[in-house]
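Asks: Here's the letter readout for the chains.
There are 2 protein chains.
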Amino acid sequence: MYVTQALHQALQQEPDRIATIFRDRVRTVRESADRVARFAGALRSLGVAPGDLVAILALNSDRYHEYFYAVPWIGAAVHPVNIRLSVPEILDTLRRSDTRVLLVDDTFAPLVAELQFDGLRTVVHIGDGDPLGDALSYEELLSATDPVPDTRTGGDSVLAVLFTGGTTGVPRGVMLSHDNVVVSALGVLASGHVVSPHGRLLHAAPMFHVGGIAYWAAGNVHGAEHVIVPMFDPAAVLGAIARHAVTDALLVPTMIQRLVDSPELGDYDCGTLRHLVYGASPISESLLQRARAAFPSAGFTQVYGMTELAPTATLLSPSDHDEPELRRAAGRAAPHCEIRVVDPTGGAAPPGEIGEIVVRGGNVMLGYLHQRDETAKVVKDGWMHTGDAGYLDDRGYLFVVDRIKDMIITGGENVYSAEVENALAKHPAVAAAAAIGVPDPEWGERVHAVVVLKPDMSASADELRTHCAALIANYKVPGSFAFTDALPLSAAGKVLKRELREDYRSGSG
Amino acid sequence: MYVTQALHQALQQEPDRIATIFRDRVRTVRESADRVARFAGALRSLGVAPGDLVAILALNSDRYHEYFYAVPWIGAAVHPVNIRLSVPEILDTLRRSDTRVLLVDDTFAPLVAELQFDGLRTVVHIGDGDPLGDALSYEELLSATDPVPDTRTGGDSVLAVLFTGGTTGVPRGVMLSHDNVVVSALGVLASGHVVSPHGRLLHAAPMFHVGGIAYWAAGNVHGAEHVIVPMFDPAAVLGAIARHAVTDALLVPTMIQRLVDSPELGDYDCGTLRHLVYGASPISESLLQRARAAFPSAGFTQVYGMTELAPTATLLSPSDHDEPELRRAAGRAAPHCEIRVVDPTGGAAPPGEIGEIVVRGGNVMLGYLHQRDETAKVVKDGWMHTGDAGYLDDRGYLFVVDRIKDMIITGGENVYSAEVENALAKHPAVAAAAAIGVPDPEWGERVHAVVVLKPDMSASADELRTHCAALIANYKVPGSFAFTDALPLSAAGKVLKRELREDYRSGSG
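Those sequence lines, one after another, are chains A and B. Under the working numbering, the first residue of the first sequence carries the number 49, and numbering increases by one thereafter. Under the working numbering, the first residue of the second sequence carries the number 49, and numbering increases by one thereafter.
What the hints contain is simulated information worked out from the structure, not anything from laboratory work. Cβ coordinates follow ideal geometry from the N, Cα and C atoms, glycine included. Some hints could be false.
[Unchecked claim] So, partial list: chain B residues that the calculated Cβ filter (under 8 Å) puts toward chain A: (1) Gly240; (2) His384; (3) Arg408; (4) Gly409; (5) Leu440; (6) Val449.
For reference, chain A alone in the conformation it holds in the complex (with noise of 0.2 Å):
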């Protein structure tokens, strides 16, 4: 299979459909078709060859939409920038992925002075502003440039390469299928709860999550015309709703709650709503009834997984939600995966007993990009360890329970804690210092360090967080700190995270 199957569907079938939907800016499929034909044939004259990837660094937008489908087109692959990321961090996933083509809008155009290297080729500015300094215009692109035919690669073809943090602190380039994609979309749509066929999808999530494209994929295989908002906000997104009419949308958590909390709520029609589908987190139980409340048309469903697993592992259904003993629930396997928890010698561990969640099928990610043997740890007898640790309940629902290699959620983004503990160990002043998430009203988690300063050096919590700020993304920078003697360890050296959990939760750490 391949991604853009759906789109020559959708040409066939409904060309004069509404394709994408951003602003005031409405495309039909035909008018999108041929864009994403033309800078098709326009990366072919850059150069951009079968297996190239091809950067973008931007908000939401339909050409964001476009350059899903023209990449794949001429059988190259999509690298979406995570655009929380600091520019060392932009600058190191450009390099380590060999990216020559980078596609900017507006806001990240800026950046791109910083963000020059020997191997990039190429900067498409896709704004609607001036392009900047050597940069192509993708209109002009577009007008100069005839539409090329479909490659229709597919199959296990890379489709794109996603990266996350790794447990090292190093990141790690997750090489998605189109096999794996399309699969995890069909199987989310077999569920029936996620997308409506025919239905009005909001992008308000960023696009460039392993979810975002997840749900894009699956909402083009239902014939959706999505909508789409450049970023999250509370009045966009609850005014995108009642002027499209938008009936299934993709949030995390946090963003829930902020349409909750916002005044604006009642000022907008959101009765068309009729799939909300939630993933990152399991939502609390205050803010699901308050969520219900606010979209009483919408059937709330969650989404576990991770970018490895493209990314659906299990679903929570809307009628799973009725009962409150399942709401803390990841939810069941997915219909295209398999699931197990199982101890440390590999086994199946019975109902109720906690070990790491494993998942296996055909969403199993190809590997991390020149990262042979970090994927061999991880994909085992095509297994995916996820690290996490869980339990199955007998009637096979998932309950998360802990994060095995210290992953700290906050607002929906993953954050590896040796990437913020390598980030303070750059300090001068900093002996040891361990990250943790705890507890926060507003972004689910919040990272907070741990740290033990040299003998007679100082550093106060704002230096170490202007420190980090210039090193790693804005959400991975620490919001509270605590400072102490020594850290808690293990017989075998390891910090012992749980316990500083547990001093910050009794007030002490």
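Position chain B relative to chain A; hints supplied.
Replies: For chain B alone, coordinates are given in the frame of chain A:
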């Protein structure tokens, strides 16, 4: 992906749910899975290795379900034999596929004596009566063997080899992978029209058909209970629907015809039926009206496809059936594939223009067993060339107008005219013969033979019928004959079937 995924999901989620109902025998998921794992162990003990084929020659039963799971459980592939084939035809497919182990039920056990050949090592008797000759008892094997773990073989590995007639008259073994079958299942499930989640699914159409396997696999993904009747019979089907509150059924139009014609129709409550899926041919206007009246709670969905497509290419949804002009259509591309109509140069034909129907997607077969050249003739650049002629309308609805490869569909079975012609040609009195499909009120089409006898020789229709019945399956034997002095030939010497069909229509052939 692997076909056994769904069994693991069922075990994890609903071990005490009913898996199969056959006559008075009801088995839960847990019982059924235990039997699967034991039979898999038995097959391994019998020397079945990964990649080997295990054949079955049987009517539908719960053991067919266990067979479908147990064989891939150890990495082997199923070879369900069409029970309507003649003994020489069956022997040919068993030989050509190197089948070493054959399962037979009570009905077909007596045939085994005629099916001996050097390669066949073991016959397993899955009936309820006593095994004949050297056949092993299925139930005794199960009791004597411990369960073995699933190898979780999948992806591009061969799941099934299904023999279909070939244009040359030689049956071809279609190799379908796990991904082919699971992708096709996810695609039809994504449509929402075929199988109810956690429904009760009726197997009355033969399970040996690709439709039977695909329907079984789709039902498994949706956690269905399989209600199985040995073979189609109006009273048995109506009784099963009423007794087990069946929600979903797969039938061919001939079967639907027999149900609505049945005097017992009014005696049974069929109000639980939600999805009635039919395939193999479109449904006539009058039959559709009667069927909708008979089963008012059911949505009717047509599936068009072929064995090589695992099998679904297009779906005509229940609401499509509301548009009179669409009732002659085969539907639109299913979610998992792309369809096109191409002209002889391979270019896409514009809407309304007739060309060959070609299909691309995750459901396109691996190829024909041991027939690389034949495979290359039909699968070109990923596109399966169906050999059917049709056109697309401007909404992407496919209309099948002719079968390029001279296939006759009678009672849901495909008959290649070459197979019939080869059999006729073996009669000493036959100089030339052509087989065509002609309309038949009961079977949709029936095989009609136009025969040229050798000078001074004679043979009656009855004599030729008896001659054919010894060589080919009963449903392939011509139901009617016409004798003529010469067949109409093209300049290239090809028989002009179209002229023969017109002669028949006008009453002169």
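Asks: For each hint, tell me whether it holds in the structure or not.
Replies: We went through each hint and held it up to the structure:
1. Against a cut-off of 8 Å between C-beta atoms, the interface hint on Gly240 of chain B holds, since the closest Cβ of chain A lies about 6 Å away.
2. Of the supplied interface hints, the one on His384 of chain B holds, with its beta-carbon coming within about 6 Å of a beta-carbon of chain A, less than 8 Å.
3. Below 8 Å, beta-carbon pairs count as interface contacts, and Arg408 of chain B has one with chain A at about 7 Å; its hint therefore holds.
4. The interface hint given for Gly409 of chain B holds, since its Cβ lies 6 Å from the closest Cβ of chain A, which is under the 8 Å cut-off.
5. Because the smallest distance between the Cβ of Leu440 of chain B and any Cβ of chain A comes to about 7 Å, under 8 Å, the interface hint for this residue holds.
6. Taking 8 Å as the C-beta contact cut-off toward chain A, the hint placing Val449 of chain B at the interface is violated, the least distance being around 18 Å.
The structure shown violates just one earlier hint, number 6.
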